[in-house]
Structures are given as C-alpha cells and as structure tokens.
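A.B. asks: The primary structure of each chain is shown beneath.
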Amino acid sequence: MEWEAVIGLEIHAQLATKSKIFSGASTAFGAEPNTQACAVDLALPGTLPAFNEEALRMAVKFGLAVDAEIGRKSVFDRKNYFYPDLPKGYQTSQLFHPIVGIGHIDITLEDGTTKRIGVTRAHLEEDAGKSLHDEFPGMTGIDLNRAGTPLLEIVSEPDMRSAEEAVAYVRKVHSLVTSLGICDGNMSEGSFRCDCNVSVRPKGQEEYGTRTETKNINSFRFIEKAIVGEIERQIDLIEDGGRVIQATRLYDADKNETRSMRSKEEANDYRYFPCPDLLPIVIDDDYIDAIRQTLPELPDARKARFIEEYKLSEYDAMVLSADHNMAAYFEVIAKTAKDAKLAANWVMGELSKLLNQHDIDITNSPVSAEQLGGLLMRIKDDTISGKIAKQVFEVMWSEGGSADEIIESKGLKQVTDSGAIEQIVDEVIANNTPQVEQYVNAEPDKRGKMIGFFMGQVMKASQGKANPGQVQGVLKQKLDALVN
Amino acid sequence: MFDKTLAELAAGLKTGQFSSVELTQAYLARIKAEDTKYNSFISVTDDLALEQAAAADSLIAAGDAGTFTGLPIAHKDIFCTQGVRTSCASKMLDNFISPYNATVVDKFNQAGAVTLGKTNMDEFAMGSSNESSFYGPCKNPWNTDCVPGGSSGGSAAAVSAQLTPAATGSDTGGSIRQPAALCGITGLKPTYGRVSRYGMIAFASSLDQGGPMTKTAEDAALMLNVMAGFDKRDSTSADRDVPDYTADLTKPLDGLRIGLPKEFFSGDINADIAAQTQAAIKEFEKLGATVKEVSLPNTALSIPAYYIIAPAEASSNLSRFDGVRYGYRCEDPVDLEDLYKRSRGEGFGPEVKRRILVGAYALSEGFYDAYYNKAQQIRRLIRDDFTKVLSEVDVIMGPTTPHPAFKIGEKSSDPVAMYMEDIFTLSLNLAGLPGMSIPCGTVDGLPTGLQIIGDYFAEQKLLNVAHQFQLATDWHKQSPQGI
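From first to last, the protein sequence lines are chains E and Z. Residues in the first sequence are numbered from 0 upward in steps of one, following numbering that gives the first Met the number 0. Residues in the second sequence are numbered from 0 upward in steps of one, following numbering that gives the first Met the number 0.
Extracted from the complex, chain Z is given alone in its bound form (with noise of 0.2 Å):
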C-alpha cells in the first residue's frame, strides 16, 4: 500500500479498498517504526490527522468526496500550521505554535486533506544538505550516510521512504528539486506567485516558492491543482486563473523542443550524472522530440548574484525574530541590547547568522551599490537568458545536481562547496521560473534528478513532459533498498 501513489490511492478511497482512518492509522505507525532511521519528521500530528480521516471519511460515505479528500500528506515546517507547532527547524521557533494557517494548509485542509506530520529541513530554509536543523540531521533513504539534500530534505526523504506519499516543500534557489533529485522523487517548483507564500516562514521573498514533492508528475499534478491560485493576502502571489494541471498530462510530445544549455554539461559534473542525463534526453527523442544545444552565459554567475540576494533579503525577513513577542527569548536579560543579542544568538544556528550577517554587510550604507544592485543588474541578465532560449525551445533540461548526495558531515566546513551544489537551480529562482526534478538514474546506489525548466507559468507543459517520460521509463518507480 505505502508504494501507491495518490492518484492510486484517491481511488482507492473512492472505491472503499480502505477509509481515510486506516490509511492514516497506517501511515502514522509506519512513521512511528521506520522515522528514528531517517529522522524526516519534526513533528507528528497524529490527533489532527485522525480527526481530519475520520471528517474525510464521513464525506465520502455522504458522497461530497473531492479529488484530495482523506488523503494524507505532510507538510514541510516551514508551513504555518494553526495549533501546532511551526518551527522551520529552529531553536528561534521551537516553542512556536502557530495562530493560523498558511494558504496552502488552508487549501489542502479545504481540500480534504489529512495532516500526518511536519517535516524535517535546514533552518529557515538555509542549506541544501537539511544538516542546519536544530533537530538534528535528515538522513537519505537510499544510504543514511547520505544527506537527503536540502532543504525541503524531510519532504523528500518522508516520501522516498514511503513515510507519507506526497508533502509540500518550498524552494528558494533549489530547495525543492536538489533534495527530490537526490532522494529519487518528483519535485516542482512552480513560477514565482503561482502558489501563495502567506504562511510559508519566508527566507527570500523574491525567490521563495512552495510546491509539491510527489512520487510521480501525475501526483504532483494533483498537489499543484490544490496549491495555486491567488491570495489577496500575498501582493506577489499571480491573479491568473488556475487551469486543471492533470488535463494536458496525456499529450504527446511530437515536436516538442527541447535546449541543452552546454553550461549545464560543462565544468564539476559528475560524469555519471552527465550520462544518465543524456540518456533521459535520448528517451525523449523516441518520444518525438528534437534536441538543439543552447547557451544560458550567465549561469556561473548565478551563484553570487544569488548570495547577495538571498541573504540581503533574509537579513530583514529575520528580524522579527527578536525575542520579543514569540519564539526563543534569552534567560534574564539584562536590557534590551542584551536580549536582541543573546535571543538572537543563541536562537539562530551557524548558517543563518553566517546569512544574515552577509546580508546586512551587502545592503549597508556604502556597499547596497557593488553588492545588492550589482546582484539585480545580474538578475535581470538571467532571465534575459532564459527568456531568449524560451523563445526558441518549449523546454530547457539538465541535470538538476553536479552530484548525487554527498556523505553527511561531508561539505558542512565548506559553506561555498555546499553552495556550488546549486548551481544548476538557483538560476531559475532569480528568473522566477518553473523547474521540476524527476529520477532519471542512479548512480552508484543513489538517485540522480532530471531537471525540465519550461517558460512563465507552463506548469501544464512541464507536468505533461514529466508524465510522458515517467509513462515510458520506471526510474520513478525504484525505492531505496529495503523499501
């Protein structure tokens, strides 16, 4: 049961194979046995879960049943969730519990959903490796030496697991797709506004974007026809209409045009990683599409622009943590000055206060011009470069790693070799663009991603080319050993 996807298992429900209850009950003793390997939960919420299966189950037997009713999924931590707490796998919010909702809790719990749990992740969303938890780390369940990536790392690694079918992330220069990559599941990013950020703990306001992680693209489908839509509550979030993602999942892709930006092949890749990617791409042109090579010049600089950005941006999110309202709050201050610093000193973990200090020296007096201007200029340069490619092919594809998951322990000294990890997903968050990641290999025993970037608000093309190949191929099917 724990292998079906939720499209397999709304049928299920629909057909009365089994309640909402017992999928739930399932689910939740599976956490309870198979976690303590892989440490993907932050926080179980088993009386929430099983007031919300039994409130789904009532539903279908009345026959009010939606698509999503009764079906269980966990939420990244980073997701407000009203009455438990929401930590972003900070000591700053450990005690935090959440007044209200986020939007995208809010829909799935109109939707029908049912909560199992939140999930592990870097602290305030900071890593690619979910080691900056004050929770301890993730473990991959490929091979638990192995981080699960980062830093929607939890999400990824719970549904690798089979601990829960599907849960939400959210991304901010990768966060999303690098962990789906190196857990072997489904992961997409949707564009900047497609799916509100009001509830989502923000990192980078302008990068920051919550979406689904899934077993299959047909699942992710489901989870983004939940998720997007606009929110008078998110300014950013886009007022477009929502269009029903599983509807273009079955067309062919004859003609299909597919980029291969030559950066996105060059420099420290994998080798590996590198051929199974170009073997996915081969798989595609039996499915009718063409191939052209292109260029995106500005990627190497994606990864500065982006550590000026990010950080400037998250320097003044973090600032409400201050130990005055909510959250971490020192022992006996002894004036204001003494509990902003140690609240926020002893709140916060290495990397976000490496992040926060590198993003108020770039926007501080004298420096905003060389840095965080600099960074913009850079920006928009990026997105030139997509959009000019995006003008010639539908899709663009790579490899959405260098690598496959590194050990833990392994880069967590060497802040800029966990950065470079990035550097084939930070660009499309600074050009606001959609990317997903599907299993497309392994390589020695650990799974590699396929990254598929397609235009503003193409959603729907990027689903259909992922089920196409998910249809023709069964990397997406393959489970860590033992699973």
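Next comes chain E alone, as it looks inside the complex (with noise of 0.2 Å):
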C-alpha cells in the first residue's frame, strides 16, 4: 500500500526581549543557576504578572509577516500543572485569544516548486524552568533562570506531506524570526525548538491517522530524521497489524530514534482559564501600522531584490536570503568586491563549506566580511588567483589578518611581470620537448586542449603566483610562433 505522512508542527520560538514577559529579570542565557530569577520569575506569594510590551509588539511583527490576522484583544490564560521547574503551578499562556490568528508561509522544495502552508495561530507564553537530572545524584536541582522568558509558539496547519517540506517549512519560520530581529534562531541553547505532529494514512485517504507528537526537537537536522523515523515507525507498526497510539514522544538523538513519554490517557487536564492578573491586551489599527512600518526586508523580498540587484540565479538568491545574517554578510563582500557573482560563490563555496564542518554560525565566523570582501578585492584586481586566494583564506581563517597582510608575509602575490613570465614559458617550452613536438604536429583545433598542459606546468614552476590570463596568452603566442 502506498502511504502519505501528515505533518504540523509547533515551534517554540525565545522572543529576544531584554527582560522576561511578566517581570523585569533578564533573559541572557548561560548566567549561574537561578541568579536570573527575581521574586515574580520564583512565583514567591503575593507576586504578580506585568507584561512586557515588547513581547507584544515582536509577536505583532511576525504575524505580520506571515500575513495573518492581529488579535486586537487577547486574553492571557492560565495552563495548570504541577512542575518542579513551573513555580507558579500554571503557564501563562494564549488558548482561546492568541495575538497572532490564522497566516501562511510559502516555502520552496528543492525541485524549486513552492508550496503554501497555513499558519492555524501564534501565541504569547512563557517558558518554564529548567529541572537539572544529572548534577545531583537523587535529587533534582531547579533552574530557574528560564523561567519566564517570553515564547512565541507558532501553530502550524497539518499541511505538510514529508520531512523535507517540513524541514522546508521550521528553516523558513527561522529565517523569518531571525530576519525580525525578534529572536536569535539558535537552536542548540533552545532558542528555537519544535515539536512536530506526525501521522500517516493510506494515500487518497481523506481523514487523517492517528497522530503521535515528539516534543522539544532542536535541529534542522534531528527534525528530518524524527519525522523520517516517526513515519516509517508508524507505516511498520501498522502493516504489522498493529495500531498507532496517540501520545507524546521524545526524540532520542544518540539512538535516532523516538520512544514513548506520555499516551494521551496520561494527559492532564489543564483547566485553561483567563488569567486574572493580567488585563486583556487591546491593539488598535495604529498600533498595527506603526509596527508594520519597522518591518524589516523578509527573506521572500530580499531573494526577489538579490536576483535583481545582483543578478543572481533563482537558487543562490533563495540561499543568501533565507538566513539575514548570511545575507548581510553576502552584501557586504558584494559591494566590497563589486562582484556578486565571485561574493556569492565565495559565501555558499569556500566559507559556507569550512563553516559547515566546524559547525560555527556565520555570526561568528572567524572571517569577517569585510576580511573576505578584501580578499576577493585582489582576485579582482589580479594581486592572486583564485588559487591562491584560497590558500589565504585558509590562513585567514586559522590566524586571522587582512588578505594584504597574508599575501605580502607568505609572498603569494601574483607574478603579472610579463618579462618573469615569458622567462618561466621559456623553461616550460624548453624543458618539454616531446609535448612540444606533439603540439606543433596536431591539428589545429586540436591545440586548445593540449595547451592545458603547458599552462599546469607554468603554474606549477611560479607555485601557482602567475597570472594565469598572461600566462595563456604568452604561451599561446610563443607555441603558435614554433608552428609556423
């Protein structure tokens, strides 16, 4: 039987206030236990909510850009359960009036076709705290540093049919929150994490299977595998005569695999009701307008610019744009080097590879734009070849220094001398009579080619410092004389 997957997704995303949503403690990440976690974030008695409007106005931003309706009033609810890390008892979150109502996201395949999924709703909440298993060996430590910290949960319809849409889709509302500015997008310090509701059903089938949700996913690249795991767990279980049960999974990345942590018997019943303490939030239409007017460039508009401004094809512009911080790193060495084409080979080449395999954000790239730009300056001027320039950039990447510095201390300059040249041609051509004979007998349309070897050998002789348009016409010049 032929089966089709069905999946929705739920992304947790930090909003990037410099406080939390109900109090005034920060938000930085990686500070001691509990030094972050002020008299409200330890719900000590007689506390109270007060809310952070710039929890507000980011939450307005990214429904604005995904083009969904703006609550103008929505109500704080309370989720109660009982946690060690969720000191008040309840999570203040969004149920019945989210702030941000139904949107979309178009996102595109790697076939290039682009598909519509449909954003059901996006909610203010806060995060809990964090429960520490390991330090304290029978005992659990609380962390409460996190408590509190503004969250944007974004709701996806079941719109999606495979991991890769749904991969597709998380790396779109990251680059969208990133883009904001509304939330750093680092997943491994949980910045940006997903749970992803998957089912399958017979293909045609309209009503949908019974789904499992696998909570708390914190990379592109665990995301893909979950859901491939999920669905072909499910597809087995069932062709075995067996049947889904709907429940929370956790997703165990050593293993590559998901396991069970809760059925849906075991489910709380939350007794969602309006938070007393906090009043209904109320947005008029100016207050939407005055948002949309500080709307940063979006990825969608910022490829369509990149195409156009620089010319670019439709995939390289999809990949520069999607992440803003690439892409203002692309722009940079753009203008510097006054060559997109050369800048974006560079971005998605040489430094997108070295930034791959040390896993290092671009944020943090040892090789600063303006570095890289330099560099690629004297590729365009013909200072080195675009050989050399990537022995520089190794150098800059592992010492640091400008592309000047790097070229002037390992005398990597381009030999252009046209004297130095000739002189190397003339060894060349010297010291190879056979290749030389061969040459001067061959057909002529056959000598285009064989003069690839000569050029190898020139190179080789200069360690790769000549000038290799020079060194072609020279050689071309001196063999052609030699046949006549």
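Hints should not be assumed to be uniformly reliable.
The calculated DMTMM-like cross-link candidates involving lysine to aspartate or glutamate, where the alpha carbons are at most 20 Å apart (straight line), are [stated by the list, open to error]: (1) K78(E) - D268(E); (2) K224(E) - E256(E); (3) K129(E) - E336(Z); (4) K72(E) - D285(E); (5) K340(Z) - D268(E); (6) K78(E) - D334(Z); (7) K171(E) - D105(E); (8) K352(Z) - D105(E); (9) K78(E) - D368(Z); (10) K129(E) - D368(Z); (11) K171(E) - D194(E); (12) K254(E) - E313(E); (13) K17(E) - E52(E); (14) K340(Z) - D84(E); (15) K231(Z) - E52(E); (16) K231(Z) - D84(E); (17) K202(E) - E256(E).
Just so you know, these hints were derived from the structure itself, not from any lab. Since this is a predicted model, take the numbers as computed values, not measurements.
Relying on the hints, combine the two individually framed chains into one complex.
C.D. replies: In structure tokens:
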C-alpha cells in the first residue's frame, strides 16, 4: 500500500526581549543557576505579573510577516499543572484569544516548486525553568533562570506531507524570526525548538490517521531524522497489524529514534481559564500600522531583490536570502568586491564549507565579511589567482589577518611582470620538447586542449603565482610561433 | 489614649503631647497584656515598630513629618512584610519570612507609619469567622465566645479592642466589611483596582482588594490616602489620580439620594438588624437625604456565582504552594508526587482544601462552561443591576450582615450557612464596586453594621456620607465592655 504522511508543527521561538515576559529579570542565556530569577519568577506569595510590551510588538511583527490576522483583543490564560520547574503551578499562555490568528508561509522545495503552508495561530506564553536531573544524584535541581522567558508558539496546519517539506517550513520560520530580529534562532541553546505532530494514512484517504507528537527537537537535522523515523515506525506498525497510539514522544538523537513519553490517557486536564492578574491586550489599527512601518526586509522580498539587484540565479538568491545574517554578510562582500557572482560563490562555497565543517554560525565566523571582501578585491585586481585566494582564505580562517597582510607575509602576490612570465614560459617550452613537438604536429583544433598541459607546468613552476590569463596569452603566442 | 483616632493621635504627635516611641511602646505593652484574650495578632513586631517609631520621632523633630509619620498600625498577615513572617494564617507559610514588602506596606513605611505586627485572619482569607486560622480562632472583643467575623477578623478585633488605632484588611467577599460590622468598627473596601494587590497574597485575584479598618470614616480616609494609587507591578490597579480622601468629608448631605434594595431587607435577616438599619436611614433623612426603594434582582445569585469564581481562581493561585521553593514541605518525601500530595495535604487546612477542590472541579474539562462561564455571566448581570440602580441614586444602603456575631463553632460544621453570612457583601466584589461598613447599633450587646455602597471610584462620596453619620451619631464611639 502507498502511504502518505501528514505533518503539523508547533515551533517555540524565544523572543529576544531583554527582560522576561512578566518580570524585569534578564533573559540572557548561560548565567549561574537561579541568578536571573526575581521574586515574580520564583512565584513568591503575593507577586503579580506585569506584561512586557516588547513581547507584544515582536509577536505582532511575526503576525504581519506571515500575513496573519492580528488579534485586536488577545487574552492570557492559565494552563494549570504541577511541575517543579513551573513555579506558579500554571503556565501563562493564550488559548482562547491568541495574538496572531490564521496566516500562511510559502516554502520552496528542492525541485524549485513552492507550497503554501497554513499557520493556524501564534500565541505568547512564558517558558518554564529547567530541571537538572544529572548534577545531583538522587535529587533534581531546579534552575529558574529560563522561567518567564517569552515564547512565541507558532502552530502550523497539518499541511506538510514529507520530512523535506517540514524542514523547509522550519527553516522558513527560522529565517523569518531571525530576519525580524525577534528571535536569535539559536537552536542549540533552545531558543528555537520544534514539536512535530506526525500521522500516516493510505494515500487517497481523506481522514487523518492517529498522530503522535514528538517534542522539543532542536536541530534541523534532528527534525528531519525524527520525522522520517516516526513515519517509518508508524507504517511498519500498521503494516504489522498494530495501531498507532496517540502519545507524546521524545526524540533520542543518540539512538536516532523516538520513544513514548506519555499516552493520551495520562494527559493532564490543564483547567485553562483567563488569567485574572492580566488585563486583555487591546490594540488598534494605528498600533499595528506603526509596527508594520518598522518591519525589516523579509526573506522573500530579499530573494527577489538579490535576483534583480545582483543578477543572482534563483537558487543562489534563495540560499543567500534565507538567513538574514548570511544575506548581510553576502551583501558586504558583494559591495566590497563589486562582483556579486564571485561573492555568492565564495559565501556558498569556501566559507559555508568551513562553517559547516566546524559547526559555526555565520555570525561567529572567524573570517569577517570585511576580511573576505578584501580578499575578493585582490582576486578582482589580479593580485592573486582564485587558487591562491583559497590558500589565503585558509590562513585567514586559522590565523586571522587581512588579505593584503597574508599575501605580503607569505609572498603570494601574483606574478604579472610579463618579462618574468616569458622567462618561465621559455623554460617550460625548452624542458618539454616531446610535448612541444606533439603540439606543433597536432591538428589546429586540438591544440587548444593541449595548451592546458603547458599551463599546468608554468603555474607549477611559478608556485601558482603567475597570472593565469597572462600565462595563457604568452604560451599561445610562443607555441603558435613554433608552428609557423 | 487608646480610644484616640488616627487623626487625634497625629495631632498629639505633632504638638509633642507624646512621642511615636512612647505611643508605640504603650501599644506594644497593651497588646502583650490584652491580646491573650483575643488572639488578634499572629506576630508582634516589637523591634521593627520601635525602630520605625524612633525614625519617625527624628522626622517629627526635624519638622519633616507627614500626616502619617509615627502613627502605629497593624497589617493583616496577608500583606508581605520584608524580614517578617507572612503566614496568611496557614501552616503552609508558618516558616515564610517575606524577602519583600507588599506595595501597601511599602507605602505605609514611606509615609512613616509604625508596624505593630501582623493580624490574625482566616487561612488564606477563606472564611467569615477567623476560625480557619492555623494560629487558632480570634475572638470578638464584644463577647469572646463569639467570632469577630472574617477573614480580616484579627484586624477588626485588634482595632475594636484598642490594640491598634487602625489596621489594613483585605476583602474578597466581605472580609473587611463583615468583621468591621461584627466588631463595631469602620471598614472600607475600595473599588477593585484602587489599591495595589502586589504583595497581598492572592485568594481570588479578580475579587481581592485591600482597604482600611479604623475607628472612624475620617481615619479610613487618612489610610486610603496612603494606600490608594496605580502600581505598575499590579496590572489590574487603576491608572487614575488619587484625590485627597479627606477633602469632601465635611460636605453636607442635602439632596443625597439613597437607594434601599428590597432584597437586602428580606429573607433570613435578624429583625433587630433590619430595624437598626432603618433607624440609621432615618438619621440620613434628617441630614437631608432622600430615600427610595430599589431592586438588585440577582442578589441571590451572588453566592453561587461567587463560590464558583473565587474557588476557581484560588485553586490556581494556591498552586504555587507546592513545597518546592518555600513554605511547608512534608518530611522525607519518597518521590515528587508524594512531595506534592503530603506537603499540600498537611500544609493546608480543611476550608482551603475544600475551596481548591471546588475550584479545580469547576474549571475541569467538560464542566467549565456549565460552571465558570455561567458564573461569569451571572457576574455581568449583578454588575448591570448595580449600574442601573447607581444611575438613579448616589449610594445604596443596607445591613452589612444578616446576623450579628455568632458563637465560635456554631457554623463551622456547616460551610453553606457560613457562606450565607456574606450574602450582602459578596455582590460588590463581583461587581468591583466600593463599599463601607460603619457601626449603626447593637443587638444583644453585639454591634451591627450599616453597609454603604457607591459607584466605581466614589470612595470620597462614601467617606463623606459615613463621616456625616458619625458626626451626628456616636455608635462608632461605643466600645466593648471593659475597654
């Protein structure tokens, strides 16, 4: 039987506010446990929440970016459950009246086709603290630094049909929230994490199968693996005569499998009700319009501009526009080097290769856009060849320094002195008599290809520093002189 | 000296009749000597009080004193006080030393007030008799076999027994007005949002409101001048100017329109109380007021609506008391569930548990619409009733309670009978309106209260009406026998 997967995603994006959603405590990551938890975060008796409006502005920005309805009146609700890292015994969230209503996001798949994914809603809520199970044998430590960090929970429609589509959607949301400056997008620190709802059904069947929810996956690769694995698990289960049980599952990256956390029967009754400590958030068109004015360029618009302004291919423009940090990096280089194609090739080629190898985000790249731009300028003005440039780049990556400093100190400046080049060419012709004879005796239309051998010899003799364009010209001239 | 009002004491401090330290020492000594009879204080803060009094005396000597500088008061033990146990009369918080001050406490400290101590109350403010306190019942100074009312029973008894000239209270369904009536003092529940709730341990967030408990309306105005105001830490506090609440006290009542809801004078109500209330109304007519009968047809629904909404909010508000970060934790929990179950099972008393259970049930899936949403609809009806009547009259009057103080233990086995005692007070909290109770007579040696209800933020009007009554009568000057 042919199966079809149905996937819906819930993404939790930590909003990049300086202080928490309902208190003045800092949201900075990585502080000593419990040093960024104030009386409100600790839920001391008598404390009350005070809403941080910056979180509202950020949520509205997202809503506008996905062309969604913005809730003119949104309301915070309490989701009641007991857990040690949830100090109040309830999470303040928005169930009945979210700030962002129905919207949509267009994703581009690898074959170039686009697909529209529905956004059901996005709502504001507070994060919980962290339970530390390993540090204290036989006990659990509670770190409340994260408690009260603002989250935007972005819920999609079950519109995705493959892991590829799901990952494209997650990447697009990631691209949007980072471009909007409302989330730092740091997945390893948990600033951007994803719950995957997956079910399968026989292709052509209208009604959905029973779904499972795999929680808190924090890398694109794990999202893909977890979904692929869960789809296979469900299909195998059904084909073996079993049935899928609605459950919450955890993805184990080490074993690359999902396992059950709790079934629906064990699910909590959260006893949602409107939070009486917070007033409904009421906003008007003027408020929304003012935020609309502050929206930065979004990935789709940027992609179109890259094609228009830099004459990039569709593919290059898509890759470079998706991440706003990469886009900004690219634009600095393209403008410095005055060659967008060259800049695109380097960012997507050498730079991305090393960043991926070392698992470094472009914002932390050891080679700055200014450094790389300087390097490309030296290619453009023939100071060095593209090949030497790769050597310079590697030095830049590992030791730092500007292109000019490295070229100077390593003696990598391209030889463009025609006298020097002629001398090397003459030596190569003198030392390779058999090949010269072959060249002379060859059919004229075969000679073009044969010149490559001599090019290689000259570049080798010059340690790569000879200007390839000049070498080619001199070689052709001297060899053709021998033919006549 | 102990029969003096805040206003009189302030004058005495200013003219150097006595110092704040002398005043404070006198009150501390009196509490020590007398409170064994009433159990109105949970904690007496001698050191803090004397330190504050000395600081106040320096300010007075330097000529930098404000109206409140050096005046002793007590705080209901629901207000967080830094460095002092803040128990909410619960075993759950018996070990809780608050690391911060409630906004109300901060405001009194800044005004130069002296904190004598923390007063007894029903556990987490849940009760109408002060019998649910972990620290034992508080007793009514008019008859120590009787309850002082609740939940601010300790504050009411302490003012009545002249152990403090005034105290703070909180009112979720009548918790200032009912004990004020039963102990023969003046109590004001301001409009919801007039006084910050920050640091006032939450019972039912949409109903809770702090307010003054005093000997006179004038003192209540002085207290409210300190307490009222917007607080950015309480999103539900009202962002509007605070008038001088003493400014209108002396206005004559000519042409005052009083509405008497027929529902407040029917049903299970003590005949003497009804008569006392009518006599008080006559007094207002003498002062130039006109009276007409009005109707608040949904009054009877306020009890069921209140006993859904208040427990629902409480069930969530009290979730933070889980034995994890502060407060009571059971001995040797075997696992997390055991920690929760026993810490909460052992830390909360029966009335608190009853309300948490009722509230959790009302909010649970499948019942939410039938209970919580329905109660909210009733709440709107009740508010609309009041709005309609208050468009026709300036104030609404009636008895504060249907009966005078009852015997300790008399209603403790019948929660519903206890709940019925709040029939006249609950509806104001549901509507968010301000209300006062002032003494207007006695029944069998026990005081009775007249409730005055006004429009939103009409505290000035209420205080004016109450003050004029107190100028014309002396019910508020009567003290329990032997005091």
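A.B. asks: Against the 20 Å threshold, does the CA-CA distance of K78(E) and D368(Z) hold or violate the hint?
C.D. replies: 16 Å, holds
A.B. asks: Taken at face value, is the distance from the CA of D334(Z) to the CA of K78(E) at most 20 Å?
C.D. replies: With Cα atoms ~23 Å apart, K78(E) and D334(Z) exceed 20 Å; violated.
A.B. asks: Below or equal to 20 Å on CA atoms is what counts here, so check K171(E) against D194(E).
C.D. replies: 16 Å, holds
A.B. asks: Are K340(Z) and D84(E) close enough, with their CA atoms no more than 20 Å apart?
C.D. replies: Within the cut-off at roughly 17 Å; holds.
A.B. asks: Straight-line Cα separation of K129(E) and E336(Z) no greater than 20 Å?
C.D. replies: 18 Å, holds
A.B. asks: Between K202(E) and E256(E), does the CA-CA distance stay at or below 20 Å?
C.D. replies: With a Cα-Cα distance of about 25 Å, the restraint between K202(E) and E256(E) is violated, given a limit of 20 Å.
A.B. asks: Next pair to validate is K78(E) with D268(E); report whether the Cα-Cα distance is within 20 Å.
C.D. replies: 9 Å, holds
A.B. asks: Tell me if the straight-line CA distance from K72(E) to D285(E) falls inside 20 Å.
C.D. replies: 14 Å, holds
A.B. asks: For the pair supplied as a hint, K231(Z) and E52(E), is the alpha-carbon distance within the 20 Å limit?
C.D. replies: 13 Å, holds
A.B. asks: Does the alpha-carbon distance linking K352(Z) and D105(E) stay inside the 20 Å limit?
C.D. replies: 52 Å, violated
A.B. asks: With a cut-off of 20 Å on the C-alpha distance, tell me whether K17(E) and E52(E) pass.
C.D. replies: The hint holds at about 11 Å.
A.B. asks: Under the criterion that the straight-line Cα-Cα distance not exceed 20 Å, is the pair K231(Z), D84(E) satisfied?
C.D. replies: 26 Å, violated
The structure shown violates the earlier hints numbered 6, 8, 10, 12, 16 and 17.
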